[in-house]
Amino acid sequence: MGGRQFATEPTALAILACSGRPDVLARTQNADGGWPPVYPGAGAELPGGWATSLAMITLIRTHPTNHGLQRALRWLCASRGIESHWLWRWKFKLADTQVAFNPDKFGWSWAPGTASWVVPTAFAVIALRLGRHQGLTAPEAENRIRIGSEMLVDRACPGGGWNAGNSRVFGVALDAHIDATAIALLALQERERNELLITQSLDQLVARTHDCLGASSLAWALLALHAWRRYRHIPRELARRGEELERLMRTPERIADNATLAVCALALDALANDRNSFEVTQ
Amino acid sequence: MNRRGFAGAAVRLAGGAVLLKTQASPSWLASDQRPARSRVAILTAAAYTDKLDGIVYEGLRLFDLQLRGKTVLLKPNLVEYIPGVEVNTNPWLVGAAAAAFLGLGAAKVIVGEGPGHQRDTQLVVAESKLEQQLRDRRLTFVDLNRDDLVQMKTGSSYTRLGALWLPQSVVGADIVVSMPKVKTHHWAGVTLSMKNMFGVVPGAVYGWPKNVLHWEGIEKSILDICSTLRPHFVIADGIVAMEGNGPLHGTSRALNKIVLSDDPVAADFTCARLMGLLPDKIYHLERAARFLGNGAVEAIQLLGEEIPEWNEPFTVLPQFEHLRRI
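Read top to bottom, the protein sequences are chains U and H. Under numbering that gives the first Met the number 0, the first residue of the first sequence is numbered 0, with each subsequent residue one higher. Under numbering that gives the first Met the number 0, the first residue of the second sequence is numbered 0, with each subsequent residue one higher.
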């Protein structure tokens, strides 16, 4: 956060960026394995799906033998969007159809008792895939990776890329957001490079980050483009976007919070040292 | 009493409790925050230019607010940037409001917002050109999605939340000014000064969007948020409003008005009337008028212009057709 209160997302990203010690994450993990988005206080009743995934990614990268990881894995496997319940699934299929999505494809929510959204689902899929590379497995994990990835594909915007949660509301196609598109592409790294959705989304990301004014969005885009750097013209665009990010970072108000600063550092590290914390194969 | 008699009495008692709960308004125990009389100023403004400075300054003077030494938080509606579409509270109006409050004695003006879907708040601030106003007028911006937090018990019980985590910058401000864009809304009917307060609920706890509020019911959440943190003042941007499929994909509609008020409920009733809609038919407005502010024409003193006899009603999605004043 920008203030003095502890929050899991900026803390996890900062530890990743500085290769710091993850002790604070071990201390703030809930007994059930999840992490609160802010601490203390809002955790017990509202464990955050995305906070848990980011803490898990950070622990896997910095302290892969941490005892909390197995509990985090169990928490992630047990957590799911509310539309996965058969009652809501039928409601969304039969009655509540203003928002276009397939409720059979579910992922992770921001907060318990709510629906799946793109960013928390993408972070969870990345965490589970990284966990798998480290030999961290649970019976349900593979199934959740598969359904979560299918959910992301289902929710993609018509021309590629991702909005916050859905592709179409009240009949209107939604535009892709840069950061949601980037994080979803990081989650789908194991898909084929020539798949239409991937090529369209990468093209969207390249187009939409030209003269991008948001440092956080641009940094996430850089991390995604770096992970997909073997694709056509990406290396050339990576270098340009890297220069744009450095230029943006010279304006202090563009780096308004610690999460943005940390993700910018992670993006520049990926470019300079070919070390991408969100690349699943590394 | 024998066992059967006891069981029967228990069932009747439980039934009575359920009946009482369903019949009582969730605002039943909420404190009545309605002022004896509310003040609203409807002002004509033709365009988004620096002329707004004078219009807003003169409008604020009508209210004779005690601003000396106060910290004012302006809360515009900043959703996302869609080129060519008037989605957000216009930055010119935000700048003009800041200048007016400072000119009338406020010690400090902060601009704060926590967009619902866009995690990159700075991107929206920059693309919407609010950044330019902040820089030119040397204003501080607070991302309410990531501010320090305090927990507050909700002022009413329309939702099951019981308490809300809210940004310190908003809770600590002496005067919170809700600055909505006057728009139709595909879930709530309209989005005005009360719906605009969704933006103070922090994404860092509730996510992007604040989906907890959707599952609790958007209109019920509006009521609980506003009863917990009732905005002290309203400056609504109705210069270019939105009709149809708002709040993002509707059509621009020139109203050429800004609406100022010391009561968010009175402001929203007045804006709805300017939109040619029936405020009493909008659930969260009708409920709010029972305990949060005044909706009845008799309880609202108009300091500026009158509401026109007839305004072509805003177009709405079919499910809100009953809101239109025909």
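Worth flagging that the hints you see were computed from the coordinates, not collected in a lab. Beta carbons: idealized from backbone N, C-alpha and C, even for Gly. Any given hint could be a false lead.
[To be verified] Each computed DSS-like pair below joins lysine-lysine, with the alpha-carbon atoms no more than 30 Å apart:
1) LYS50(H) x LYS90(U)
2) LYS90(U) x LYS280(H)
3) LYS152(H) x LYS92(U)
4) LYS50(H) x LYS152(H)
[Said to hold, decoys possible] Here are some chain H residues the structure puts well away from chain U; computed CB gaps all over 10 Å:
5) ASP49
6) GLY68
7) PRO208
Results for each hint:
no.	hint	in the structure
1	LYS50(H) x LYS90(U)	violated, 51 Å
2	LYS90(U) x LYS280(H)	holds, 26 Å
3	LYS152(H) x LYS92(U)	violated, 36 Å
4	LYS50(H) x LYS152(H)	violated, 41 Å
5	ASP49	holds, 22 Å
6	GLY68	holds, 24 Å
7	PRO208	violated, 6 Å
Consistency note: the structure conflicts with the earlier hints numbered 1, 3, 4 and 7.
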